[in-house]
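Engineer: Required output: the full structure, derived from the provided sequences and hints.
There are 2 protein chains.
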Amino acid sequence: MRPLPDIAQLKEGILAGNIALLSRAITLIESTNPAHQVLAGALIDQLLPYTGNSLRIGITGVPGVGKSTFIESFGMHLIGKGKKLAVLAIDPSSNISKGSILGDKTRMEQLSVHPMAYIRPSAASGSLGGVTYKTRETTLLCEAAGFDTIIIETVGVGQSETEVSQISDFFLLLMLAGAGDELQGIKRGIMEMADGLIITKADGDNILKSKSARSEYARALHFLPPNASGWIPEVKICSAYDRTGIIEVDAMIEKFHQHQQANGYFLKKRNEQNLFAFRQLLNEALFRQLLAQQGIKDQVKKMETLVFNNQVSPYSAVRQVLDLLPGFHHS
Amino acid sequence: MRPLPDIAQLKEGILAGNIALLSRAITLIESTNPAHQVLAGALIDQLLPYTGNSLRIGITGVPGVGKSTFIESFGMHLIGKGKKLAVLAIDPSSNISKGSILGDKTRMEQLSVHPMAYIRPSAASGSLGGVTYKTRETTLLCEAAGFDTIIIETVGVGQSETEVSQISDFFLLLMLAGAGDELQGIKRGIMEMADGLIITKADGDNILKSKSARSEYARALHFLPPNASGWIPEVKICSAYDRTGIIEVDAMIEKFHQHQQANGYFLKKRNEQNLFAFRQLLNEALFRQLLAQQGIKDQVKKMETLVFNNQVSPYSAVRQVLDLLPGFHHS
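For the record, the sequence lines run as chains H and A. Just so we're aligned: 245 in our numbering is position 245 of the first sequence, and the numbers increase by one with no gaps anywhere. Just so we're aligned: 56 in our numbering is position 56 of the second sequence, and the numbers increase by one with no gaps anywhere.
No lab work stands behind these hints: they were computed from the structure. Incorrect hints may appear among the rest.
As the list claims (entries may be wrong) - One-sided and incomplete, this derived list gives chain A residues near chain H with beta-carbon spacing under 8 Å:
id: 1; residue: L48
id: 2; residue: Y50
id: 3; residue: G52
id: 4; residue: L55
id: 5; residue: S212
id: 6; residue: A220
id: 7; residue: L224
id: 8; residue: P225
id: 9; residue: A277
id: 10; residue: L281
id: 11; residue: Y315
id: 12; residue: S316
id: 13; residue: A317
id: 14; residue: L324
Stated by the list, open to error - From chain A, some residues computed to sit far from chain H (all C-beta separations above 12 Å):
id: 15; residue: G82
id: 16; residue: R107
id: 17; residue: Q110
id: 18; residue: A285
id: 19; residue: P314
Keep in mind the model is a prediction, meaning the values are calculated, not measured. The C-beta atom is built at its ideal place from N, Cα and C for all residues, glycine as well.
Structural biologist: In structure tokens, the structure reads:
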């Protein structure tokens, strides 16, 4: 059996920006081995004072919208400005990590070989805390390793969009011009989470259509209720082919960053995200414990079916689960 | 001490449409007395086969938008068509029920005295299941009593909008013309929940502005991702003063009802709402039980502060809570 990693060594290595040790630490975080999880928790806690110094950018959009291409261009632009970039890709449709299925090497040719960039697919297996919990901790490790920009990308389609917005400072939605069919993959509610919208592939015959879509979306966003922070989402157009729009997107995100820091929402949002994650994890741990008890899982499943079909009311169903728990006090 | 109510008698009375007994049953549901809650649960379960035969319309909007006035006109219109209407008003900002503070008698003059209408403020005190759980059960009782239209109205401002959408078939958002300040009270995300929008007070000098707002909102909604059911929310204008728009709103809701029933989403949504309510209640019951244990509540509060301030990671904090629970198996 492989010996447990040395936490002190990992910590030192990460703080020194050692990528090999950062990768080992992320693998530790992603491990489902309980002993590894305790070590990972200790490592994170020790590194916490060195975290937080990055801008976390969540990026989502339907397959085919050009996320990888955008991240490649945008990332190279950031690196050109002296930034150090980590790209974490979440694919909830796959339990296989290690980047093999994602083909990151071909997805982002320049970034994947650049010394100032670190690309890592994020495990999304059924571990404690949902799709993004491991990504949340990976973000912290990357920050401790000196990465000042973290891009968190959703690769698969699913619930992860909402979860990514819960671990990002800025949530960016990529769209194609021509509303309608293209929008089908985007869940209702996603647009109201976006801090910025980008119309991709705005080149050639598509330019006019993209500009028109930009106006329409800007109008639509204007009519949505404002963000709690007072930030009004902006819409930009981009072309990877013509290499246009990247500077404008960067400027928008910079403007957002300054806006949020000036009014205190930047830290406020992060603090609230921390609290939300704690409650979600605690909740999940309690449910796991509950369902691990003899007979409870079957009872919950049975009740779910009855409740779904309106044969038992939710309240009665809960009572019939709690009745199986010795020492449970009804309230 | 008052004797416990007779469930068989309440059931029979409700099925016969007896309003006095319906009111008594709702009071039983709202009671925090555990013995009452067991009886209420039994009553609901016995009445379940007689529930579901109504259209549940959730209505929200900022104070001053004219919700009561709209419900008065719309409700009288429905009654004119032979409908039997129950109006349940949720005020999460108040724990006082019984309608005294809401002044329902003056809010809806005609409805409040009409034999085919039943107006009831809905208790929103800190009972199991959040703001709307009691309202959910009250809806079932009203259905068993023969009400074929249930309006669930949010009176206060708060989280209740989201919860009301979880117990409605059709979620209606009332707005004033002239976006901007008036929108501040509406949380981001509410608009994407709406199945229909109404611009109120579309009369006199306000008519042109309201029509223009209607076009703008319709455009904005068109650019939002479509509802899972394929329903595209519509925007109508109304004036209580000129008595216009009510027929159009009624037609929109009828159209929605037929649309959802034809494609199976009507029942599907209700089934999912049932399941959601069960999980939420079970979750809440587990938390209550957890926090009732010696020392746990303090530990959770302590951890919340540390997590909020980024001094402990969420995962560590959860571990430090679970460590206090004897027999809890880490996973």
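Engineer: Hints first: check each against the structure and report whether it holds.
Structural biologist: Results for each hint:
| no. | hint | in the structure |
| --- | --- | --- |
| 1 | L48 | holds, 6 Å |
| 2 | Y50 | violated, 11 Å |
| 3 | G52 | holds, 7 Å |
| 4 | L55 | violated, 16 Å |
| 5 | S212 | violated, 12 Å |
| 6 | A220 | holds, 4 Å |
| 7 | L224 | holds, 6 Å |
| 8 | P225 | holds, 5 Å |
| 9 | A277 | holds, 4 Å |
| 10 | L281 | holds, 5 Å |
| 11 | Y315 | holds, 5 Å |
| 12 | S316 | holds, 5 Å |
| 13 | A317 | holds, 5 Å |
| 14 | L324 | violated, 12 Å |
| 15 | G82 | holds, 26 Å |
| 16 | R107 | holds, 26 Å |
| 17 | Q110 | holds, 33 Å |
| 18 | A285 | violated, 6 Å |
| 19 | P314 | violated, 4 Å |
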